[in-house]
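Student: Start from the sequences and build out the full structure, keeping to the hints where you can.
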Amino acid sequence: MPHWISNDPGEEASMLNALGIKSVDELFTDVPKKARLGRLGIGPGHEEFEVVDTIDRILNRNRTLTQFACFLGGRITPRYVPAAVDAIISRSEFYTAYTPYQAETSQGTLRSLFEFQSLWTEMTGLDVANASLYDGSTAAGEALLLCRRVHEGRRFLVPASLPWEEKSVLCNYGTGPGLSVEEIPYDSKSGCLDLNFVRAEIAKGDVFGVLADVPNGFGHVDEGLLELKSLIGDVPLVIAADPLSLSTLEPPGSYGADVVVAEGQGFGMASCFGGPLLGLFACRREHVRAAPGRIVGATVDAIGQRAYCLTLTTREQHIRRSRATSNICTNESLMALAFVVYASLVGPRGLAQLQVELAEKARTLASALGGIEGLRAPRFDAPYLGEFTVEVTRGTAREFLDGVERHRILGGHLLKDPRPSAGAQPEYFLAAATDWIGDREIQKYARAARTVLTSARRSA
Amino acid sequence: MTYRQARWEEPDIWDLAPIRTGDSPPAIPGIPEKLRRKEHIRWPELSEQEVMRHYTRLSQMNFGVDSGSYPLGSCTMKYNPKVSEMLARRKHAVELHPYQPESTAQGALELFWRLERILTKVTGMPEVSLQAAAGAHGEYASLLMVRAYFRDRGEAEKRTEVLLPDTAHGTNPASAAMAGYTTREIPSRDGCVDLPALKAAVSEKTACFMLTNPNTAGLFESEILDIAETVHGVGGMLYYDGANLNAIMGITSPGRMGFDVAHLNLHKTFATPHGGGGPGAGVLAAGETLAPYLPVPRIVKQGRKYHLDYDRPKSIGKIKTAYGNFGLDLRAYAFALTHGEEGLKHVARRSVLNSNYTALHLGKFLPRPFRTLVKHEFVLSGSPLKELGLRTADLAKRLLDEGVHAPTEYFPSIVDEALMVELPETESKRELDHYIAAFERAIHDTPENLRSAPHATSVRRVDEVRAARQPLLTWRDLRAAAGKAQTP
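Top to bottom, those sequences are chains A and B. As numbered in numbering that gives the first Met the number 0, the first sequence has no gaps in its residue numbers, which increase by one up to the final residue, 459. As numbered in numbering that gives the first Met the number 0, the second sequence has no gaps in its residue numbers, which increase by one up to the final residue, 487.
Since the hints were made in silico from the structure, they are not lab data. Be aware that a few hints might be false.
Here are some chain B residues pointing at chain A (derived, C-beta under 10 angstroms) [what the hints assert, rightly or not]:
(1) Leu57
(2) Pro80
(3) Phe219
(4) Ile223
(5) Ala467
(6) Leu471
In silico DSS-like cross-links for lysine-lysine, where the CA-CA straight-line distance does not exceed 27 angstroms [said to hold, decoys possible]:
(7) Lys32(A) - Lys344(B)
(8) Lys33(A) - Lys344(B)
(9) Lys198(B) - Lys33(A)
(10) Lys415(A) - Lys300(B)
(11) Lys37(B) - Lys228(A)
(12) Lys443(A) - Lys90(B)
(13) Lys188(A) - Lys33(B)
(14) Lys21(A) - Lys32(A)
(15) Lys203(A) - Lys228(A)
(16) Lys428(B) - Lys21(A)
(17) Lys363(B) - Lys21(A)
(18) Lys415(A) - Lys443(A)
(19) Lys33(B) - Lys228(A)
(20) Lys32(A) - Lys198(B)
(21) Lys313(B) - Lys415(A)
(22) Lys344(B) - Lys21(A)
(23) Lys304(B) - Lys415(A)
If you want a taste of the chain A side facing chain B, the calculated C-beta under 10 angstroms gives, among others [what the hints assert, rightly or not]:
(24) Pro1
(25) Ala96
(26) Trp119
(27) Leu350
(28) Pro419
No residue lacks a Cβ here, since even glycine has one placed at the ideal position from N, Cα and C.
Tutor: Okay, here's the thing in structure tokens:
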């Protein structure tokens with residue numbers, strides 16, 4: 000058995016003795032007999048070596064991304080994590096700490112979160128940021144609620160191309176206050192937002208917020224974003240931005256974003272089957288008291304030295320209870336640390352260079368797949384960075400991806416809501432450039448794609 | 000006083016190197032010039048060694064469970080097993096993508112499935128989902144499930160109220176409000192739910208009663224079966240806040256007590272680290288009535304294969320991008336597998352023994368407002384300190400000088416100047432005695448020393464009022480306040 004609990008036989012006896020009782024059972028007399036359990040039925044405990052063995056055996060039933068040529072992307076991206084990131088977040092002073100309620104003994108966490116907030120405002124061009132949320136989708140949900148707090152209306156507009164998970168999460172955030180999430184159609188040629196639709200919906204009224212993403216759910220960069228704020232006027236604009244894209248693209252604050260949210264996993268976190276992730280949230284200064292989550296502020300200590308603490312806490316659940324701006328208690332602080340460490344290791348120029356390289360690979364990939372009969376790659380003609388949408392015109396996208404997987408290629412992910420209620424959807428998938436692919440993998444993908452589509456024609 | 004936390008005169012990261020400006024990122028073909036960033040992100044270019052030293056120094060100005068006892072009540076700051084950390088970093092755990100085909104991620108799905116099976120036993124509920132990222136996230140999702148259930152029954156208009164005791168965690172009313180409910184507090188009597196008051200409050204408007212058991216006063220709600228009957232009697236749902244599960248794991252369960260839906264915090268009871276505030280890992284458990292409303296996907300086993308099932312027509316849909324915080328769920332599974340049946344019960348028994356033992360001793364220094372039989376945590380009132388012109392906060396700060404963390408302060412709010420203490424099962428008797436001695440030294444120190452504490456931490460008492468009145472939230476704010484130019 001583990002030594003996580005003291006095995007000293009004298010300990011328990013002496014504690015019981017101090018309490019004047021004979022058995023620990025006497026400490027449970029307040030649990031009614033009718034509510035007691037017999038056995039849990041989960042089996043006996045194990046030695047550490049057995050646990051390691053069992054879990055390794057289970058994990059080895061996975062095939063890791065590097066066993067394939069991997070073109071998976073979207074909000075969660077496989078990207079190399081420098082060893083130094085893990086070295087820092089593995090320091091137990093960081094990872095075994097709680098939320099820094101006692102500021103004096105928690106300056107490490109607080110300072111690193113202050114640096115994180117500073118970095119995210121630099122990247123977005125906004126004034127303030129919080130200390131993180133669960134993931135990009137819940138950050139978008141919290142942004143929806145902030146918009147409603149600062150603007151009247153019942154309708155929130157989002158791109159029809161937004162990943163289905165995010166739409167579903169947003170609908171859930173809208174459910175409580177009775178708000179509706181409505182889709183902005185995209186231009187079938189460019190994949191970009193139909194701005195005339197936005198104009199018309201704003202004119203109809205009752206819109207309290209608009210969300211757009213960069214790159215969008217199809218992987219494309221929509222020049223129309225620059226006009227969006229002038230179209231919607233005082234209706235708050237939320238931009239969901241890929242953090243790496245902000246190394247080379249204008250900060251959304253400069254084109255009128257009131258809130259910028261993001262999924263931060265690509266900065267120093269492995270894709271780890273989707274968790275933990277990192278939600279980023281920045282907004283304008285005038286909205287900070289309506290913002291969700293923990294916020295770190297700078298101040299001084301009793302002898303005038305610079306110090307940091309959690310601040311503006313009257314927004315929060317432990318103070319304001321049912322009138323809080325959010326129910327956030329736990330966030331993703333350690334991942335926020337990973338984010339700022341990653342950015343500091345790679346540096347602003349390194350980040351831009353990485354984005355340029357991924358964009359170059361994506362263009363090579365697009366030209367390799369683009370010439371293949373049975374595929375439209377890219378499906379849309381708007382510019383893109385490291386990923387783009389492909390349409391499968393022969394057979395289904397599912398069949399195609401399953402087909403190339405047999406050639407040890409993870410060709411991309413389906414842009415489909417998998418719930419049976421979702422109905423018919425286009426045969427699109429998203430293909431992404433990742434750190435681990437080069438010309439060899441791209442050519443291998445193209446060959447496999449041809450093989451798969453040729454056999455699809457034969458069977459058709 | 001022998002404790003001294005490190006203090007480094009460490010510059011802020013943006014002052015470690017001059018921030019170069021004036022050059023712009025390279026162009027990317029096709030990207031319109033108007034969208035191109037004019038200037039690189041303003042952040043320093045540093046060497047790896049500079050970054051390592053900076054954050055190593057910051058870490059040395061931080062306090063974790065590995066540094067010393069951390070008795071935050073309801074936070075269950077137990078030891079984070081290192082074997083779990085090692086396993087969570089395996090290549091076959093981290094190099095996985097949620098969109099890779101199911102057939103290539105059978106191990107990950109199996110691990111989720113196995114953990115879920117254990118958690119159905121621990122919760123006494125038939126269905127479990129790991130999608131929630133944290134406890135409050137689970138609360139919120141549970142209330143959305145309750146909402147969907149009443150909508151299906153055509154009672155959405157009628158069921159508008161969520162009831163909760165006045166000792167509830169702040170996240171409970173906040174989650175209820177986000178889910179669109181009005182909240183109503185039920186007063187406590189002697190630290191527990193006042194059953195007659197609950198009986199008077201429930202009605203056809205009641206959607207749900209949210210309860211933590213043991214509650215935040217550290218008391219087991221012994222009338223739980225009557226509470227369940229009362230809530231069910233008006234057709235309401237009973238919600239279990241699992242923050243305090245550590246006290247009762249294997250002794251009783253939410254299902255056994257009559258709850259319809261529950262959340263657990265794996266980052267408390269199952270020893271996954273808190274990370275300075277997160278990530279956590281939440282669990283949603285549901286009885287037969289609410290199970291169809293759990294978020295999609297669900298993990299199912301068909302023959303020998305594991306599969307993500309999206310065909311749940313009543314499901315509330317997604318509550319976050321991916322399923323579960325896999326890295327944390329893996330750590331929790333290692334914890335459960337190590338302990339097994341007897342081990343998990345021992346966790347509960349030892350945490351309750353620790354709590355009663357510590358309460359017995361600390362009760363000599365400050366009054367205990369409720370009955371003395373407590374579960375995994377207990378509450379003291381710092382009100383006698385007021386006679387010396389002191390407050391609970393002064394004692395909490397003075398405790399930091401002892402190289403231990405302070406208890407939760409000013410919660411639950413029904414106790415004047417409250418201190419809520421939880422020293423989980425991983426604290427040995429020696430550590431408990433050390434804490435008791437530290438507490439005794441602290442409370443018997445001079446009022447001046449208490450008022451000016453802490454002295455041994457990397458900074459002295461932090462001016463939180465000033466932080467809120469003049470918010471400085473980024474480095475630009477700091478520079479502006481220092482009267483420097485906005486740009487470096």
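Student: A separate judgement is required for each hint: does it hold in the structure or not?
Tutor: How the hints compare with the structure:
1. Leu57: Hint holds; Leu57(B) Cβ to chain A Cβ min 4 angstroms, cut 10 angstroms.
2. Pro80: holds (6 angstroms)
3. Phe219: holds (4 angstroms)
4. Ile223: With a closest approach of 6 angstroms, the Ile223(B) hint holds.
5. Ala467: holds (5 angstroms)
6. Leu471: Leu471(B) check passes; min Cβ-Cβ to chain A is 4 angstroms, inside 10 angstroms.
7. Lys32(A) - Lys344(B): Distance ~16 angstroms between Lys32(A) and Lys344(B) Cα, so the pair holds.
8. Lys33(A) - Lys344(B): Holds: Lys33(A) and Lys344(B) sit about 18 angstroms apart, inside 27 angstroms.
9. Lys198(B) - Lys33(A): holds (21 angstroms)
10. Lys415(A) - Lys300(B): Holds, because 23 angstroms separates the two Cα atoms, which is no more than 27 angstroms.
11. Lys37(B) - Lys228(A): holds (20 angstroms)
12. Lys443(A) - Lys90(B): Within the cut-off at roughly 24 angstroms; holds.
13. Lys188(A) - Lys33(B): Cα-Cα ~21 angstroms, so holds.
14. Lys21(A) - Lys32(A): Distance ~19 angstroms between Lys21(A) and Lys32(A) Cα, so the pair holds.
15. Lys203(A) - Lys228(A): Since the Cα atoms of Lys203(A) and Lys228(A) sit roughly 17 angstroms apart, the hinted pair holds (cutoff 27 angstroms).
16. Lys428(B) - Lys21(A): Holds - the C-alpha atoms of Lys21(A) and Lys428(B) are around 17 angstroms apart, at most 27 angstroms.
17. Lys363(B) - Lys21(A): holds (22 angstroms)
18. Lys415(A) - Lys443(A): holds (26 angstroms)
19. Lys33(B) - Lys228(A): holds (15 angstroms)
20. Lys32(A) - Lys198(B): The given pair, whose Cα atoms are some 23 angstroms apart, holds under the 27 angstroms limit.
21. Lys313(B) - Lys415(A): holds (19 angstroms)
22. Lys344(B) - Lys21(A): Judged against 27 angstroms, a Cα distance of about 18 angstroms means the pair holds.
23. Lys304(B) - Lys415(A): Satisfied, since the Cα-Cα distance of roughly 23 angstroms is no more than 27 angstroms.
24. Pro1: With Cβ-Cβ at 5 angstroms, under 10 angstroms, it holds.
25. Ala96: Result: holds, 4 angstroms to nearest chain B Cβ.
26. Trp119: holds (9 angstroms)
27. Leu350: holds (7 angstroms)
28. Pro419: Holds, because the Cβ-Cβ distance from Pro419(A) to chain B comes to roughly 5 angstroms (cut-off 10 angstroms).
When each numbered hint is compared with the structure, no violation occurs for any of them.
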